[in-house]
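Colleague: Sequence:
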Amino acid sequence: MKIFINLLCAAISVFFMCGVKVDGKYRGLEFLEPCSRSDPDLEACLARSANALSEHFRHGLPQLGYPEVEPIVLDEVHISLGGGPDGYKAQFRDVAARGVSALRVTGLRTRITDDEVQLQLALHIPKIRANAKYRSSGKLILVQASGAGDYWGEYGHKYLRLQQLKMDFSVENIKMGVENVHDGNTILQAALNLFINSNSQELLKEMKPDLRRKLVQVMTSFVEKLFAQVPYDAWIID
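Going letter by letter, the sequence shown gives residues -24 to -1, 1 to 214 in mature numbering (1 follows the signal peptide of the UniProt record, and there is no 0).
Do not rely on the hints blindly, as some may be mistaken.
[What the hints assert, rightly or not] Cut-off 20 Å, straight-line C-alpha distance, at most; resulting in silico cross-link-like pairs (EDC-like, lysine to aspartate or glutamate): (1) 151 x 178; (2) 184 x 144; (3) 109 x 144.
[Stated by the list, open to error] Computed Cβ-Cβ distance ranges for the label pairs, DEER-style: (4) 39 x 100: 21 to 31 Å; (5) 12 x 177: 42 to 52 Å; (6) 89 x 35: 33 to 43 Å; (7) 63 x 142: 29 to 39 Å; (8) 44 x 8: 31 to 41 Å; (9) 146 x 213: 32 to 42 Å; (10) 102 x 186: 18 to 28 Å; (11) 44 x 12: 30 to 40 Å; (12) 192 x 163: 37 to 47 Å.
What the hints contain is simulated information worked out from the structure, not anything from laboratory work.
For clarity, every value in this text was computed on a predicted model and none was experimentally measured.
From the three backbone atoms N, C-alpha and C, an ideal C-beta is built for every residue, glycine too.
Could you put together the complete structure from these sequences and hints?
Modeller: Here it is, written out as structure tokens:
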């Protein structure tokens, strides 16, 4: 069985708290325009820099070790609906998401001291499509839904060091579906599609804690790698 998921208009809120240290190797990114710490429009300037970085990431940034950005891969996500022996449980492995590189920073707030930078970003992603391998057990809409298949739905410079990252997200529209149901049962496939799309937000709600935890892991790794290679003064000048 193949399952797909489309997320439309994903809104993401991300909070970074970073320490400032002197370490690492400098790698210049010419398209980044440093923002003056004394600029009254510092937050708007940083948002422009973040969007410039996002724009270039869509085509890959091999100088930062990212020849390709997509797909974004999550190793595993779980969902559990109901209890008892017939409660529906699903495990999604190798979740590959495409469309994330189209994100835009729509809001930014910052607090900067001599030894700490706090950033809160609001991000918007128009559409995400995800595919995964899955294994499930239990009953869904009073039919046995056990199975397995595919799921779609330079030194001396100051550097930032990530201390904490928090995030939350919401999805305006979501579309899920199944394909290639076992034994080619088109009636069962239609019933499953109707149930899944009628309850898509509830299904997403059940997936959200595990999904958010995995996304924080991926984003933490990305931000740490970015901050280790791009110095503080590429972002902000005093």
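Colleague: All the hints need checking, so say for each whether the structure fits it.
Modeller: Each hint tested on the structure:
1. 151 x 178: 12 Å, holds
2. 184 x 144: 9 Å, holds
3. 109 x 144: 25 Å, violated
4. 39 x 100: 21 to 31 Å: Check passed, 26 Å falls within 21 to 31 Å.
5. 12 x 177: 42 to 52 Å: 43 Å, holds
6. 89 x 35: 33 to 43 Å: Hint holds: Cβ distance 35 Å, inside 33 to 43 Å.
7. 63 x 142: 29 to 39 Å: 30 Å, holds
8. 44 x 8: 31 to 41 Å: 21 Å, violated
9. 146 x 213: 32 to 42 Å: Hint holds: Cβ distance 35 Å, inside 32 to 42 Å.
10. 102 x 186: 18 to 28 Å: 24 Å, holds
11. 44 x 12: 30 to 40 Å: At roughly 34 Å between Cβ atoms, residue 12 and residue 44 fall inside 30 to 40 Å, so the hint holds.
12. 192 x 163: 37 to 47 Å: This hint holds: roughly 40 Å between Cβ atoms.
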